[in-house]
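K.L.:
Chains as they are written, first to last, in our numbering: chain A, 3 to 162; chain B, 3 to 162.
It is worth saying that the hints were derived from the structure and are not from the lab. Certain hints may be false.
One copy or two, either will do: identical chains are not told apart, so a pair holds if it fits within one copy or between any two.
[What the hints assert, rightly or not] Straight-line alpha carbon distances no greater than 25 Å define the calculated SDA-like cross-link-like pairs of lysine to any residue that follow:
{"hint": "1", "residue 1": "Lys127", "residue 2": "Arg145"}
{"hint": "2", "residue 1": "Lys50", "residue 2": "Gly111"}
{"hint": "3", "residue 1": "Lys50", "residue 2": "Glu14"}
{"hint": "4", "residue 1": "Lys50", "residue 2": "Thr119"}
{"hint": "5", "residue 1": "Lys126", "residue 2": "Pro107"}
{"hint": "6", "residue 1": "Lys127", "residue 2": "Ala106"}
There are 2 protein chains.
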Amino acid sequence: MDNDVFQHHYPEDVSHCYGCGRLNDQGLHVQSRWDGEEAVATHVPDEKYTAVPGFVYGGLIASLIDCHGTGTASAAAYRMREREMGSEPPLRFVTGRLEVNYVAPTPMGVPLELRGTPTEVKEKKVVVDITMTAEGREVANGRVIAVLAPESMFSRSPKE
Amino acid sequence: MDNDVFQHHYPEDVSHCYGCGRLNDQGLHVQSRWDGEEAVATHVPDEKYTAVPGFVYGGLIASLIDCHGTGTASAAAYRMREREMGSEPPLRFVTGRLEVNYVAPTPMGVPLELRGTPTEVKEKKVVVDITMTAEGREVANGRVIAVLAPESMFSRSPKE
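My request is simple: use the sequences and hints to build the entire structure.
P.N.:
Next comes the structure, spelled out in C-alpha cells:
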C-alpha cells in the first residue's frame, strides 16, 4: 500500500466506496495525493464508461471529481489539525454538494489528471476546487463541498 | 422496446452511454418517461455502487441525475417543437453543468425515484431540475444544464 495515497488511510469499514474504496473490487479506485498545496489524482477510464463512442461519460467525470474532492477534504482536515493522516478519530468527509462544469468533450483512452485545491478549510466543512485535464487541456472543472462524516456513518463493525 | 422511454429513441450511434445507453451492456440503463409535466425514472442501484456499507454512492446519484436530466431535456425539446420523439434530425443533449445536493444518506436496496421538471426550454439549452426520493423521502436534488449536442458528436457510422 502506498502511504502517500489519501484513500489508503481510510478505516476499513469506510473503504468500500465505488469511487475510491480500496476494498471495492469493482470500483474506480481513485487515488489522491499531495503535490505541494494541490492534491493530484490520475485516472484512465475503462472503456465501458463511454458517453458517445470515443468520449468519456460525464457521470464518471462527476464521480472522479467527487471522490478526489472528499479525499482532498480529508487530507486538508488532517493537515489543518497537524495530525497524521489516518490517525484516530478518523476525519472522513462526505459530499454535501457537487458541481461539475463540462468544458470540452473528454477523450477516451488517455490519462485524466485531476488537480484539487482546498479553498476553504473549516472544522466540519471543506471546499475543494478541482480542474480536470486530458493531454494538458482542461476538459472539466468542479467544486466539492465536503462535510465531516457523522460518527453514525461508521459502523465500526463492518457488515461483511 | 418500450416506446414511452425517452432513451429508447436515441439513435443507435449515441446509445452506448454508461448511464442510459441501451447498447451498453454494463451500464445503468436509466429509463425516463413523462408523467404529465414531470419526467420520472426509477432505479434500484446494484450493491457495488456503495458509498459506505448500506448507503448509495454519490457518484451513482450524480450519474442518475445527469442521464435523467439529459433525457428529459431531449424529450422537452421534441415537445417544444411538437415533433415526435426520435424523429430526424435527432435532438440529443449533453450536460454543460451538473449540480447535485446530497440532502440525506441514500439507503441501499430500495428503488430511487427521480422526478425532473424542465424549468427552461430554449432551442439549444434546456435546464432540468430534479428531485430524488427513497421511500418517499427526499435524499438528493440537482440541476442539469443541458446543451444540444453538436452534429459532430454523431459519427453516423458507429465504430462497432
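K.L.:
None of the hints should be skipped; say for each whether it holds.
P.N.:
Quick rundown of the hints versus the structure:
no. : hint              : result
1   : Lys127 <-> Arg145 : both (13 Å within a copy, 22 Å between copies)
2   : Lys50 <-> Gly111  : both (11 Å within a copy, 24 Å between copies)
3   : Lys50 <-> Glu14   : between (28 Å within a copy, 16 Å between copies)
4   : Lys50 <-> Thr119  : neither (29 Å within a copy, 29 Å between copies)
5   : Lys126 <-> Pro107 : between (35 Å within a copy, 17 Å between copies)
6   : Lys127 <-> Ala106 : between (30 Å within a copy, 16 Å between copies)
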